[in-house]
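Protein chains in written order, with the numbering used here: chain H, 338 to 627; chain D, 1073 to 1643; chain Y, 30 to 408.
Among these hints, one or two may not hold up.
Only pairs whose alpha carbons sit at most 25 Å apart, straight line, appear in this in silico PhoX-like list of lysine-lysine [as the list claims (entries may be wrong)]:
1. D:K1337 to D:K1370
2. D:K1624 to Y:K153
3. D:K1205 to D:K1215
4. D:K1639 to H:K475
5. Y:K153 to D:K1621
6. D:K1318 to D:K1303
To be clear, the hints were calculated from the coordinates, so they are not data collected in a lab.
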Amino acid sequence: MILTMENPKEKTRCFAQEDTAAAPLSGAAQKAKKTDLPVPEAAVSARGFCVNYGSFKAVKNVDIDFSRGRVTAIIGPSGCGKSTFLRCINRMNDFVDGCTTSGLLALDGVNIFHKRLDVVELRRRVGMVFQRPNPFPKSIYDNIAYGVRLQGRIARSELDEIVELSLRRAALWDEVKDRLSSSALGLSGGQQQRLCIARALAVKPEVLLMDEPCSALDPKSTARVEELIGTLSGDYTIAIVTHNMQQASRVSDFTAFFYEGNLVEFGKTSDIFTNPKCEATNDYITGRFG
Amino acid sequence: MKDSSRKLLDKSFTALASLTLVLLGVCVAAFLAPIIIRGVGAVVFKATVEHEKVLCENFGRVASASDEERFASSNAAREKLYSLTDSYESDAAAQKYISRISSLRDKAVDGSAKYKDELIGALNLSSALRASKIRKVSEALWKDYVVELKRCVKESESTGGAYALAKFLDSEPDKLSAAGKQISTKLTEGLKAGYSARSALSRNSAHFAASEIEAARDELSRVNAAYDVFKSGIRELLGPRDAKEKASLNLMRQKYGQTRYENAKKILADDIETLTLTKRDSSGMETSVRVSAAEQFKGTPVEKMLEVLRNNFDAMLAPHTSFYWGFFTDDPADANIFGGIFPMIVGTFWLTLGAMLVAAPLGMASAVYFSEYAREGTITGFLRMCVGTLAGVPSVVFGLFGLAFLINTLKISDGKSVLAGSLTLALLILPTIIRSCEEALKAVPNSYREAAGALGATKARAILTVVLPAAMPSMLTGIIISMGRAAGETAPIIFTAATSTGVALGLSELFSQPTTALPWNIYNICSEHEMAERVGHVQYGMALTLTAKVIKLNLAAIILRMRLQRKLKNR
Amino acid sequence: MSRKSKSLIMGSGGSFAQSFCAGAGRLLLFCITALPTVAIVFMIFFIAGEAMPFFADLKNTVEFFTGFEWRPSDAHSPHFGALSIFYGTVMVTLGSCILAVPAGIVAAVALSEISSPRISNIFKPIVELLAAIPSVVYGFFALVVFAPLLQENGGALLSVAVVLLAVPASVLAGMCLGEFAASAVYKDVKNPPVKLFSVPISLLLLSIGAFVAYKVWSVEITSGTNALNASVILAVMALPTIVSLSQDALGSVGRDMREGSFALGATRAETIFKVVLPCAKSGIAVAVILGLMRVVGETMVVWMASGNALKIPEPFYNFLEPVRTVTATIAGEMGEADQSTGSARYHVLFALSFCLLVASLIFNAAGQWIGGGFKFLKK
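Isolated chain H, as found in the complex (with noise of 0.2 Å):
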């Protein structure tokens, strides 16, 4: 998966072309090595990342990875540029006006800010659950079907397949198969949420980003959402961004602590929790501010 430019003198800031994304990096990298843990090979990555609104610094200038097949939480107290940081990796930045971004952030070492990226491949390959579910006013099926349809026509009962699938493996089917033409504005919060990742997870996504996908849901269906996060740990390399400490701590392999923009601290989420190295990362996890 290691590309080449197909204009080499064209000076981008393409990961790539510097590195491959599995040499040894340094920073935030360097730190996580420290942990005895076999680091798998980086999804995403990230090499001195600005994000600004306007004149606003969002995010300075952060180096951090995301191990394949695992689950790294990103924390912060808010207005801290973690969903920020969290939205960039799949340009959902786009959407904002006067957005500018700068450092390099690459997917499987291809930069996402290359000005030729494919941005509609990009975010199909990551994918991305919202602080609110956010399901279409359309029927179950065709909400799911919605991304799968969006490659080109397929056959019915390959789709049929992949709905059913998806639906699955977040842990929905059993509870909508009796009424999928139904609308899914009709579902519960909870069932939304899932829904949401349902079909996030139709498209077949690589990464799968999550911006406080509980914030919004009672503690049940919080519970149901983050033991299907544990079931997707694996295949899926995702990112969560969350207010819950306890959450990180229970679903996430790696922890991340953003603070006004800085990636303060980055490692192990047991020894981010268990024994933090700043004095900030300590005070936020044991609920001193933010």
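Mind docking chains D and Y on chain H? Use the hints.
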């Protein structure tokens, strides 16, 4: 300020504001009530038998058995009146007067010999005296005749025969001069008098009687004129008497009586019970005066007719409550006096449809541009301002623009056409559609766009598959309301599409032909119809049809919006 | 896994094709969006173009704006004095403003500040209904229903209107003046006897109102189609615009403002007059201007209801006489004028409509200026 008066002021302001609301409600009610009540009358009304006749003979309806029965019974009832008028007008009634007058005329001729001596004596007198003498002789000669003439006129007025007598008197001057000639012949035979005496005598004698006849005829024509007015009122009411009379008439409105009971009653009160007569005063000026028929015809046979008419009014017209659904599907006949408003409805439909077909896609596309693509900046701001400006241009200016640009410059058709009208209307409603659609698109939560994008949809794809469907109900609301506006606008189509009369157009004629349309025809029938009072029901019917159409569209929009709100609430 | 092998970075061809398609689509949408702009430009161009032959003659132009004699189709000596026509428009517009603006604003205040949401929900469709009714139906009502009513019972109707106006006005004015007078007379007394003043003042004003109503009762209206008729109906037509836009403006005043005022002990009326209305005044001004535009541009109602008499009423404020407006003249005479270009009348009618267009553009610009539509110029 004192607290209590502050509170009082507050309360009275509240009361004033509530009063304004009540006034607003009253305004709407006062506005809609007459239109609805009288508009319904165009369809549901008390129809006379003439209504069925019109329908059967002109609009291809088949008379049912009960209709036939009503035709027969009403004809029978009318026969009574007609027999009275017949006998009133018949020669037989006047026969006795005629014979009396004729015989006296003959008697005067025969008795002229009696005055021979007096006349001879008169010839010797000086001219002034001679004239008065001859006049005196003539008076004596014609005395019986004149007295009888006056009596006959009086009598015929009260017992009938005035009609035939008047006709007879028309020919009487000729007969009189013939009689005059006979008299002078008789006199000259015996006298061998000079030519001058003979001619003076005959002229004077006939002249005297002729002036009496003139007076009698004046008297009779006054009576007969009133009777004629009365009779034309009856014809207005009941229509022509038989097929022969009907065939001789040109206009359809003359061929039938009143089709609506309320109009019939009005005719009875205004044109029959009260007569509009022309009176000539001393200076020769003609003025029209209103007189009561009962007084005018007091003591004459016409009084009987009036009574028969009053008593058999319902039997003659056979009124019954009728539902004339054909009002919406029949072509108008004789300047909307009969028939329905089908071509206008169809014309309005075509104009509206054409305008929507053009304006809705364009408006939606513009709205998509504004809400999804445009970056707020100078150009977008300018475009937005132009939309606002276009919305504020007076509708009559749109009409002139359509005329100057579409018809006179582009020449999309020779003169007015549905196409030109539709395009003008489309331009008129474009800003409204753009605004409402943009609002609808802006109401679509951003999360839909993000979710679609996150699933790998391109922007266009996301708009087409998620944003537009989600916004569709509220976009439709705006479009439907604009449709109502397009249906009701008049000024833009006056110069581009509307014509006063015409038939419903087919699809192929839309590009070249002008059409009738409800809004224009409402104006037309109210302001420019020559018998505005006779088509009151059509006026109201058209106004109600148009209002109902627009209200229906708005109601649909309101219901759509309410369902949408409920759906949003449920989420 | 065939899909996965698709490269994330597109080839230059694919990239070009994609951005070309997106750009072309965007351009198409832009062109469609520019349509109203093009229409406005064309409209000005064509209307001005057809009016030019008339304005080219200076003598005619001067007469147009200063003369009273309007005989555009006279073969020998045509006259184009449109002043009485302009006056008719101004008169009818002013008349309907006097009626519609206070009523509309008060109704909007009532709907958004005073009445319960349930009543507001009932009135919302009613106001929309008023806005939706086609102008020709209003004209129909004016001509067929209202004009005869006015002609036959004009005096009675007018005096009822006077009474309706006089009662609340005199009560309110009496209270205010009484308060004022009482505090002026009893300067040092804490609770001056306000009723002592307000009741007589109210009664006095009421009796003046009653006297006027009595006088008006005997007024005879010779023609039911007159400036009053047109003004009343136009006011009803302008109401929904004024009410709904003012309501929007009032609604956009924040809740906290009101609550702040109430918390300081203000009554509802005081809150409305001192806080809410000043905050919403630009929105209300826009509402009034848009309502005014509807009145100025309205054709059918004035054509049918104003009587179309080519003269300035005597005295000039006499609303009971027929007048003629610009729009009615255009609509009425263009039908008769040979529409296929050329005649003097054709061009002078376009000159009239050019004036109308310019007026509407000015009104619109004023409205947008007040409403903040010109923000883009300040950037």
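Hint check:
1. D:K1337 to D:K1370: Satisfied, since the Cα-Cα distance of roughly 22 Å is no more than 25 Å.
2. D:K1624 to Y:K153: 16 Å, holds
3. D:K1205 to D:K1215: 15 Å, holds
4. D:K1639 to H:K475: 13 Å, holds
5. Y:K153 to D:K1621: 19 Å, holds
6. D:K1318 to D:K1303: 16 Å, holds
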